[in-house]
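Taken in order, these protein sequences are the chains called S and D.
Following the numbering used here, the numbering of the first sequence begins with 404 at its first residue and continues without gaps.
Following the numbering used here, the numbering of the second sequence begins with 404 at its first residue and continues without gaps.
Calculated directly from the structure, the hints in this document are not laboratory data.
Be a bit skeptical, because a hint or two may be false.
One copy or two, it doesn't matter: identical chains are merged, so the pair holds either way.
Simulated crosslink set (DSS-like; lysine-lysine; CA at most 25 Å straight-line) [to be verified]:
| # | residue 1 | residue 2 |
| --- | --- | --- |
| 1 | K505 | K548 |
| 2 | K477 | K414 |
| 3 | K456 | K477 |
| 4 | K477 | K548 |
Small disclaimer: the values here were computed from a predicted structure and weren't measured.
There are 2 protein chains.
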Amino acid sequence: MADELPTMTLKAIGVIRNDIKDRLPGGCDWWADVVSEIVIDGSLTEALDGLEKFSHIIVLYWMHQIVTNEIPLKVHPRGRQEFPLTGLFATRTPNRPNRIGKATVSLLGRQGNILRVKGLDALDGSPVIDIKPYIPGYDSPVDSKVNR
Amino acid sequence: MADELPTMTLKAIGVIRNDIKDRLPGGCDWWADVVSEIVIDGSLTEALDGLEKFSHIIVLYWMHQIVTNEIPLKVHPRGRQEFPLTGLFATRTPNRPNRIGKATVSLLGRQGNILRVKGLDALDGSPVIDIKPYIPGYDSPVDSKVNR
Numbered sequence: 404m405a406d407e408l409p410t411m412t413l414k415a416i417g418v419i420r421n422d423i424k425d426r427l428p429g430g431c432d433w434w435a436d437v438v439s440e441i442v443i444d445g446s447l448t449e450a451l452d453g454l455e456k457f458s459h460i461i462v463l464y465w466m467h468q469i470v471t472n473e474i475p476l477k478v479h480p481r482g483r484q485e486f487p488l489t490g491l492f493a494t495r496t497p498n499r500p501n502r503i504g505k506a507t508v509s510l511l512g513r514q515g516n517i518l519r520v521k522g523l524d525a526l527d528g529s530p531v532i533d534i535k536p537y538i539p540g541y542d543s544p545v546d547s548k549v550n551r
Numbered sequence: 404m405a406d407e408l409p410t411m412t413l414k415a416i417g418v419i420r421n422d423i424k425d426r427l428p429g430g431c432d433w434w435a436d437v438v439s440e441i442v443i444d445g446s447l448t449e450a451l452d453g454l455e456k457f458s459h460i461i462v463l464y465w466m467h468q469i470v471t472n473e474i475p476l477k478v479h480p481r482g483r484q485e486f487p488l489t490g491l492f493a494t495r496t497p498n499r500p501n502r503i504g505k506a507t508v509s510l511l512g513r514q515g516n517i518l519r520v521k522g523l524d525a526l527d528g529s530p531v532i533d534i535k536p537y538i539p540g541y542d543s544p545v546d547s548k549v550n551r
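With the rest of the complex left out, here is chain S (with noise of 0.2 Å):
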């Protein structure tokens, strides 16, 4: 099936800017506090229009750090050896097939082409490949569970 699946090409549209240098900090919840700016293209400034509508928004970015080249099939949640292993689908961990990440997060503001929001989880640099709304309801089932 691998050779049938078709690759596609992303083109970021803006980057990540915060305090969060070479490494994720560990530790539970570290990002509810970080205030992130998101550098969206000049060119699509325009495109950010009605974003202010929403407390909060969806960031698909790249998680760019270097872990490894390799990607195990199975790996210890949060890097926490006690987890048994698992999955790499049933985590969030970075190192998997396509490393995108989404965050949702607080809207702080905009300025022009610069969103300013709180708690996300991405390293300086990272590029971002998309902004979405979030929308209560569509992306929030109220049913969900963990461990059921």
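Since the structure of chain S is provided, determine the placement of chain D on it from the hints.
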């Protein structure tokens, strides 16, 4: 800035199979009851282990339907002329710089490399880019607002 923005290559990890053929249906929430199969490449089967614990998963897929080669910066939300022109990043239009769709769907079951899901608003044949567990709290802010 555009010249400095990187390009990235994706390789599909699977394909979506359902009864939604040539074009997406109209109407509100048409996708809510659609059942789809997500067929993941057999070499990645083991990477799905553990996903069964989650009631919902996030599917990133390529919106491969051809709308047009042009990407207008502003669109009428949901294609409805009565809605005012809005920046494309403040809508979920498939016609965007990087045509990645993000859906949160109910995981009905898994058989080997095939996931059965409900609520996916994708056309039959859409390439799958990533599968992530849906994590309440991380993926769903409690205080989100539209039209604030």
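Checked hints:
no.	hint	result
1	K505 x K548	both (19 Å within a copy, 19 Å between copies)
2	K477 x K414	between (29 Å within a copy, 19 Å between copies)
3	K456 x K477	between (40 Å within a copy, 15 Å between copies)
4	K477 x K548	within (22 Å within a copy, 37 Å between copies)
The structure is consistent with each of the numbered hints, conforming to all of them.
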